[in-house]
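Protein chains: 2
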Amino acid sequence: MADHTTPPSDQLAATALNDDVSASTVKKHQFSDRVLIRSIVSRPDGGAGLAGQRVRVGGWVKTGREQGKGSFAFLEVNDGSCPANLQVIVDASVADLAQLVQTGTSVSVEGLLKNPPEGTKQKVELRVEKVIDMGPVDPAKYPIPKTKLTLEFLRDRIHFRPRTNTISAVARIRNALAFATHTFFQEHGFLYVHTPIVTTSDCEGAGEMFQVTTLINEAERVEKELIKNPPPSEADIEAANLVVKEKAETVNKLKSDKADKAVIKASVAELTKAKETVAKLVERSKLKPGIPQKDGKIDYGQDFFGRQAFLTVSGQLQVETYACAVSNVYTFGPTFRAENSHTSRHLAEFWMVEPEIAFADLKDDMNCAEAYVKFMCHWLLDKCLDDMEFMAKNYDKTCIDRLRMVASTPFERISYTEAVELLLVAVKEGKKFENAVEWGIDLASEHERYLTEVKFQKPVIVYNYPKGIKAFYMRVNDDLKTVAAMDVLVPKVGELIGGSQREERIDIIKDRILEMGLPLEPYEWYLDLRRFGTVKHCGFGLGFERMILFATGIDNIRDVIPFPRYPGRADL
Amino acid sequence: MADHTTPPSDQLAATALNDDVSASTVKKHQFSDRVLIRSIVSRPDGGAGLAGQRVRVGGWVKTGREQGKGSFAFLEVNDGSCPANLQVIVDASVADLAQLVQTGTSVSVEGLLKNPPEGTKQKVELRVEKVIDMGPVDPAKYPIPKTKLTLEFLRDRIHFRPRTNTISAVARIRNALAFATHTFFQEHGFLYVHTPIVTTSDCEGAGEMFQVTTLINEAERVEKELIKNPPPSEADIEAANLVVKEKAETVNKLKSDKADKAVIKASVAELTKAKETVAKLVERSKLKPGIPQKDGKIDYGQDFFGRQAFLTVSGQLQVETYACAVSNVYTFGPTFRAENSHTSRHLAEFWMVEPEIAFADLKDDMNCAEAYVKFMCHWLLDKCLDDMEFMAKNYDKTCIDRLRMVASTPFERISYTEAVELLLVAVKEGKKFENAVEWGIDLASEHERYLTEVKFQKPVIVYNYPKGIKAFYMRVNDDLKTVAAMDVLVPKVGELIGGSQREERIDIIKDRILEMGLPLEPYEWYLDLRRFGTVKHCGFGLGFERMILFATGIDNIRDVIPFPRYPGRADL
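As they're listed, the protein sequences go chains X and Y.
In terms of my numbering, the first sequence has 544 at position 499, counting the first letter as 1, and numbering is strictly consecutive.
In terms of my numbering, the second sequence has 489 at position 444, counting the first letter as 1, and numbering is strictly consecutive.
Treat the hints as calculated values from the structure; they're not laboratory data.
From a predicted model like this one, the values you see are computed outputs, not experimental measurements.
Careful, some of the hints might be misleading.
When chains are identical, the list treats them as one kind, so a pair holds in a single copy or across two.
[Said to hold, decoys possible] Listed next, the in silico PhoX-like pairs over lysine-lysine satisfying Cα-Cα at most 25 angstroms (straight line):
| id | residue 1 | residue 2 |
| --- | --- | --- |
| 1 | Lys273 | Lys342 |
| 2 | Lys191 | Lys107 |
| 3 | Lys269 | Lys342 |
| 4 | Lys555 | Lys186 |
| 5 | Lys175 | Lys408 |
| 6 | Lys269 | Lys339 |
| 7 | Lys166 | Lys442 |
| 8 | Lys473 | Lys503 |
| 9 | Lys342 | Lys331 |
| 10 | Lys500 | Lys408 |
| 11 | Lys555 | Lys515 |
| 12 | Lys107 | Lys168 |
| 13 | Lys193 | Lys442 |
Isolated chain X, as found in the complex (with noise of 0.2 angstroms):
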């Protein structure tokens, strides 16, 4: 049990949590007089070594209630920093308890940690002597209610989804996974790139891309201003003119009479204020409401970045650059797809992890894969045991004993051509795939759940698949005919990193951008990696969301993401 007890990251949290639990004090949050509930009930001895401190805690009501005929009431509360709540007693004296009892009510209490009597589940409790703050709530109107709420409900609920247990040790376990992720790579001398979020690089087709744009906003302000203040016309035009041919005539005249100086001057400053006033009727009759055209298509050279710009659906292309110049690198970042799937796997907006290794080939690409998803399964058993353990009682019974296997076990290593002699076999012995298997197929997800669930029941690597299946990038083998990726399927979730070895020979990819009836134009900047000091390198991506989704056993992606987008919704 010593594990369950870890508090979260505590790896660090020296200054801010207990490193000591055989300490008598409550370590102070550093900023305030509060102390996180979890720097109490998450040590090993669950606290009852403090009994005796004075202590400040906020949370919010789990279950309240009032007991001796209302002359005090217990109170479990949780302030999110681990799945456990502290229980906390209140009297009378000291509060309204018919207020504090309510589930979801807010508190921030002071008071003396005691020893609960003998026979008690808890190792602690804190005897409040001063409420500091309560924010009420009516249970009657409580959009989320102590009853049990089902993950739809929530979603449509974000903004309180988070006070629930599920929910937050969602958000507890994709915190750990996340500075779990920067630990591995800085431990291992990567750099994190921040790659960029709009992109002008329209690499894998602008049909799945969202676009971003000033373009709309400012129609309709030009629409809005012409209204308020219509275009001038022609004959504004011909007039304003006419002053300017006036002025001018006067102008010529004084000099030709060689008048004042100081005359000609007021006069000649006259001319150029009117010719300005042309010019300006000129420019505004020239606004048109819509969006701008030019040629028949739409003038994206109006727009804000001069051209057409769109929403990233991967940073490798541009961390590459990074990786052909400080060699180690990683970026962490939002991604997006604007397809239209409706289904509990895909995102329109995800994270993704995506190093890039210099001086590297496929083996190494394996090697730092399989060392990242082991650090992050070693990770949660270490740190988020007690969620982990609330998702295996709760969601997936089988949850903790995978990310076990999966921190311990050698991950199985076969090429995409074994890979199809492994379902052709199976097809054979009576297994039924509702996609046909053959050499040059890309894997639907039954087959990869096939090989590791069934066939090897360990996460599989999957490497050398057919050219004609896989990007422009990735290095062509010396057979011709597959290319140097690598896929890693795991149990639950299928495929959770694709990488490759990356083309770093400037005449083949060349080759291959033409033979994908791609323009070579817009790779410029990617051939030039390899016309310069190119390198062997390699990398991968882990689509973050998936992670979760392995980890916890939870099923639909919409809830391992704290605001999730797809069709039809973006809620907040």
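Once you've looked at the hints, dock chain Y against the given chain X.
Structure of chain Y alone, referenced to chain X:
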């Protein structure tokens, strides 16, 4: 000099780097046979103790020269893991030296580490036995030759600029600050929350927001489709309806004739098919070129998210939903402004760090901000002193002293009213400001820099700003004139952080929204946080690029982000 040679991020790097400096072996990069150059040259002994070790390194040639009538070459090789190069010696027998010595050539080499002759600068050099790989460069064409290049020049060669000393040093400093940020908040029990990039909460006015849409792509797709395959005419539909009528009559006739069941069934199937054809034609006849309109406005119901969507300008409001549930949270992600600013301080895409703390007030907020900034300064001095020395030498002589001062000096804290009084005194004493000073103005950059650079010569936190110049969500003070806002001002950049205690009282925040002429409806979810279990809470935002400007002394913000986006430019 011990600090100087500490490799970046080595605190956690025991497995990847030499934690034991007396060790006489170099730890290998975990995933391949290569070692990072910093694990050789950044040891306190400069690598001297490693003599006799066989290692493989990869990197790019910074400078190279042939010696001994072309019998061997000296190369300075850098792999981006630290600012220092490794001196590499290659005999003519193992490689084409003329190629090898060109700046920008990539090399992967294996050999023995040796102690160079007495009196040389290096403590260790690599005698190459085998050149494993080489990526040549044509010096006549290399876009970033060895000559001194300006940062402006490099902005037009964005895919190569990380190969320069300056941009790679900035990349390492940026990386260090990012990991320092995560480490700091994780140490203090904050959960990292991914707030959404695409948002439908238009909280600060759409004018400065980028729109995210699939309507334009979809309109172009439809347009192309209609040209290729024109929509059905009314006559087409009429004809199809006629077919339905005929088929229906046939069915009726067969039924009344009590025909064979199989015959009737076939006839019904034909009728169904005819009806489907009509439905498809009607559907297609509705297709119109252009962006879909409804009631004279763009029909956002047909956009991807079913409503108008934007790129986020801040994650604050959304992250408050997590603070009001799990108490201590932070976000660290990209934010966007569609401002048409061409200054050296503005980007259209930039990264922000936004912590949010529950059960905390403005004082706690200031404490947290000060501790965070100090932590980052210490971190850079600990982990990146070699890069900081490069910056001090080449960009800003005072940058290291500035970090030391900020790390060790308590921040001055003055109210806005006091700040205005001090500025008025300065004006009286002859100080000229472009912007007039009086109570109620928003402090201009010149005022902020006067306070931090001249008056106090250290970081200054200004708090309690006039209500009228601040956002609706900031907590109204008891004087009813000011709000509990605070800005952290630092030398070199002025405002580095802006934060506030949030208004947690439902009636007051509603009044504030209405007072500002905003509608309540879009904020109902935000108001809910105050309706149910409300808590005192506060937070702030730090512009991550500003922190890098502050640390490095670099002048233009476009040089401290890997892929700068600004009006007219979004390369790659």
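Each hint tested on the structure:
no.: 1; hint: Lys273 to Lys342; verdict: between (28 angstroms within a copy, 17 angstroms between copies)
no.: 2; hint: Lys191 to Lys107; verdict: within (8 angstroms within a copy, 65 angstroms between copies)
no.: 3; hint: Lys269 to Lys342; verdict: both (23 angstroms within a copy, 12 angstroms between copies)
no.: 4; hint: Lys555 to Lys186; verdict: between (64 angstroms within a copy, 19 angstroms between copies)
no.: 5; hint: Lys175 to Lys408; verdict: between (62 angstroms within a copy, 21 angstroms between copies)
no.: 6; hint: Lys269 to Lys339; verdict: both (22 angstroms within a copy, 17 angstroms between copies)
no.: 7; hint: Lys166 to Lys442; verdict: within (24 angstroms within a copy, 61 angstroms between copies)
no.: 8; hint: Lys473 to Lys503; verdict: within (23 angstroms within a copy, 77 angstroms between copies)
no.: 9; hint: Lys342 to Lys331; verdict: both (17 angstroms within a copy, 22 angstroms between copies)
no.: 10; hint: Lys500 to Lys408; verdict: within (23 angstroms within a copy, 59 angstroms between copies)
no.: 11; hint: Lys555 to Lys515; verdict: within (15 angstroms within a copy, 55 angstroms between copies)
no.: 12; hint: Lys107 to Lys168; verdict: within (18 angstroms within a copy, 63 angstroms between copies)
no.: 13; hint: Lys193 to Lys442; verdict: within (19 angstroms within a copy, 62 angstroms between copies)
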